[in-house]
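One line per chain: the protein sequences are A and B, in this order.
Under the working numbering, the very last position in the first sequence is 284; numbers go up by exactly one each time.
Under the working numbering, the very last position in the second sequence is 1254; numbers go up by exactly one each time.
Hints are computed from structural coordinates only; laboratory data are not their basis.
If you're wondering where the values come from, they're calculated on a predicted model, not measured in any experiment.
Don't be surprised by glycine CBs; every beta carbon is placed ideally from N, CA and C.
Do not take every clue at face value.
Claimed, not checked - Okay, the calculated beta carbon distance ranges per label pair:
hint, chain 1, residue 1, chain 2, residue 2, range
1, B, Glu1071, A, Phe195, 35 to 43 Å
2, A, Gln129, B, Arg1001, 55 to 63 Å
3, B, Ser961, A, Ile164, 27 to 35 Å
4, B, Asp1006, A, Phe195, 41 to 49 Å
5, B, Ala1004, A, Leu228, 50 to 58 Å
6, B, Glu1105, A, Ile164, 47 to 55 Å
Said to hold, decoys possible - Partial chain B-side listing against chain A, Cβ under 7 Å, derived:
hint, residue
7, Ala1023
8, Gly1025
9, Arg1165
As the list claims (entries may be wrong) - The following residues of chain B were derived to be distant from chain A, with all beta-carbon distances above 10 Å:
hint, residue
10, Gly989
11, Gly1002
12, Arg1014
13, Asp1028
14, Thr1050
15, Thr1164
16, Ala1217
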Amino acid sequence: MKRIAALIAKDLADISRHPGLFWPAGLTAAISLALPFFIAVAIPSLTGEPLSDSSDFQIAVEMYRNQFGARDLDPEGAIQAWILQQFLPLLVLAPVAGSMSIAAASVVGEKQARTLEPLLATSITTFELLTAKVLGALLPAIALTFICFCAYAALAAGLTRSGVFWILLAPRSLLVTFILGPLAALAALQLAVCVSSRANDARSAQQIGALVILPLGGALVAQLTGSFTLDVPVTLSISGLLFLVNVALMWIGIAVFDRESILTRWK
Amino acid sequence: MIRAEHLTRTFGTRVAVENLSLEVERGEILALLGPNGAGKTTTLRMLAGLIAPTSGTVRVRGEAMDRATAARLRGHVGLLTEAPGLWDRLTVRENLLVYARLQGVDAPATRVDRALDLFEIRRRADDPAAELSKGLKQRVALARTLLHNPQILLLDEPTSGLDPESARDVRQMIVQLRDEGRAVLLSTHHLDEVDRIATRVAVLSTRLIAADTPAALRGQLFGTRVRIGLVGEVRPYIAVLHGLGIRDAHIYGDTISIDLSHTMIDTPAVVRALVDAGARIESVTPEQPPLEDVYLRLVSEDARVGSPEESPRR
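The shape of chain B in the complex, shown without the other chains (with noise of 0.2 Å):
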């Protein structure tokens, strides 16, 4: 739906952003992850049309995106902002049927009347948008993303100053975007949100250092790890589980911990093999590291490497 093909933006002598590639598909959420002034609000401009790469491609449905073809892309791409934006003396009514009119959107009063209703705002819609909560002008500005019907969508902070039940309204209201099969751009910091709804994840420190599934993040950073819980005394069995060919494997308590990345041997083999053994076995659960680690090692790993020659992690 959205490629960014090989982005650089510099400001001056600045770079923002540097060789950046990246696609978002119809009904995914892609995750942009990176520490402040990675170049994540530079690349949703670029995405957006707002502002023009210094080197690169933005292609929006296979259309290159310039100087003469950005207003109309732009039609195809709904940016919701980092601050909510409305016009504070006009009400909530007033400030989406403007956009409903700059959109060109057909029977503008009707699609706000349907904007109101979806985002549950229609009680509030007579209120100039001064007098609604940060969580309601929130919605109001999603709403407002949508009303054109963008198969694109480029969310900046989405979330960013919300208390957690209006966070999770407008998280809710994403995943709906996507189950309806549109492309979402999701830029954060909410490292649990990402894990919630985000299909995939794209870290950046100016470039590219990362894009993948979290899992299979996770996986090339801590391996795949299993946790088997055990009635009885556990030790034992670590001579089966080196048996497998496992060498990674830690007792914690009545709990082992081990790691099947290096292995040609999947979870029920393992289980399977234990039992066999004569192991009771009360628990087996995934090891997963908080995002949060895999986000942070990512970004200490490119500091320390900081060689722009580095391929991303894919």
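Bound conformation, chain A alone (with noise of 0.2 Å):
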């Protein structure tokens, strides 16, 4: 624990005076909590016709309002609730999309800086370096999140219609983003580890693990469509799949990290 520690230190220390490295989280960050808003709260004050007027809405109104705890809302509070809540994956996600530059970095960045070759020389285990490098990257993304869903909880408080910041603390909304998110911001990172363990340059890596990103992207335009809803069965139970996934994502990380491959043949 005590290596695992130290490496996460000195990394957390590292990125912490490469302030460019923040730079695509957040913005991504922003963009993804300005957004809901623009569409839920600016747009229909812009243009004076509230989204509860639009006949496009009705059936998100009614699926809503089915819910409990949002059957007190107006139309246009259940509206606005539906198209926070629809989001906020995005807002989960998009720490994980900044974080991944720092994943994708962790050991090809090492290989090419040339410090990895003494690190390896430690008593350091594969685990221990492996857990270290995915959690520099994890613990930025969580944080971020954290201050993101701070920022989202506290611009609905402002802007919404009353009871729609409530929604934002139920049940659903928190397992997404504090059970959800970090364990898809897990798997996403180890996959860049992973990858940046094998991987001749930070960029090959980044886009890989980038993947990762996708069949989540893909669910929240699913949940758009309304084929598909985030309620907390189906969170609880992707929840547990992802920690399947990265427990074996960790097995694969120390089953293809070769020190022997990455000292001999990177050049």
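From the two separate chains plus the hints, produce the assembled complex.
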């Protein structure tokens, strides 16, 4: 544990002195934060046409008002809550996209900086090294997710109809934000670190690692079209699946991490 | 302290190291010499447990290194890599602190403070590593290598690219480490450095060509030559030398160069015989060909012979 903590502390100190690394994550998070409020609040306010007047949203109102906790909302509030919940997974995944560059550079970056060989010459095990590298990328992502969620809830409290704010604190939203999101992030970052330990440069590792985001993006679209709903049972099921995926990825990561190839074949 | 037993390492069809056996004892510096691509770095990596030999065994303090023991045995070894490998954005102190924790030393902050003092880098302790000169980086890397107090040190070209002053500092540190009783294996291309500090020399060209003290290697290749400076006429004393059984004697001005390697006689006996014959001796100096000549002859002979069945000179 001490070795893992030492390496995580080193990675966090290192990235904290490289603020450019946070720009992609910050920018993606800002867009993900602004977009739902732009749709749910700014457009109706600018056009003077409430969303509840549009027949396009009637199905959403009906779907939503069948849920416990949302029955007391007025039609406009129900649509706002629906939009905010639909975009929540995007907000949760935004920091992961940013942390991907950190994870992707984690091993190959050390190799390119010629810092990997002295590191491997210590008593550190492959499990410790990979765990530290994944957590070193995951912790900033989780911190950013938490900040984003707080900002999301604060904006909801200030800009939306009464009661919408409480929907964001419902078990479904909290599960998506604090269980599903971090597990998905962990899977994506583990894959990126795995690829980073086999790739010749950080860019290819980042591109392959980002593939994990695709199914989650697909789930987001499916949810928006109404063919799929991230309710509590579904969220828990996907979280369970992601947990198993993460265990498998750690096992695969250790199996494919070949110290010899890293030291002798990479140039 | 550390021993290689018949180490062979291949990469695909390329043989990087072949049937290498050597040992480094406590309190000695063994210099590993060889041309580029001779397998020096591969040897150091195998000894450090970073890569496994295709065949053969590495023993650290008598214990064989394998997948199960490598992580633990690496704790007894300090490897100084060819590049200092410091994290540029971290300060010198932070770099050392991370390694102290990774190596599991007690009271890491205290140990780092001691290392900063020992290597005279405290003044730059809070500077980012990126701002250090190459010599200082190497000094920090050496401090890092010693944080966990390893008794075996593997140093890969520690003075490469350093200015003469920095190189001298690093050499002094290496000698100090030897004097503390550590076993030091030093890979280098600097033959004058080897001549100054190495206890023994191993010449590698995929396989081991020779391993012995510099003096013994000189003797094997160039004989034991002595230069005797005389006052006055030199030529009459050649007969005295022939009388002692010394056939290889050359005159260079007022100096005679003789080879004692194939005789039973030693230098004091020669001097005594010359004085008894009336010679006025001004100086007696052992003739030492540069280590470079020894090395080049070994490598060129190996290239000429090129037979893996040839046994190394020991």
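Hint check:
no.	hint	verdict
1	Glu1071/B with Phe195/A: 35 to 43 Å	41 Å, holds
2	Gln129/A with Arg1001/B: 55 to 63 Å	34 Å, violated
3	Ser961/B with Ile164/A: 27 to 35 Å	60 Å, violated
4	Asp1006/B with Phe195/A: 41 to 49 Å	43 Å, holds
5	Ala1004/B with Leu228/A: 50 to 58 Å	42 Å, violated
6	Glu1105/B with Ile164/A: 47 to 55 Å	51 Å, holds
7	Ala1023	4 Å, holds
8	Gly1025	4 Å, holds
9	Arg1165	43 Å, violated
10	Gly989	8 Å, violated
11	Gly1002	19 Å, holds
12	Arg1014	5 Å, violated
13	Asp1028	7 Å, violated
14	Thr1050	16 Å, holds
15	Thr1164	42 Å, holds
16	Ala1217	62 Å, holds
Hint compliance for this structure: hints 2, 3, 5, 9, 10, 12, 13 are broken, all remaining hints hold.
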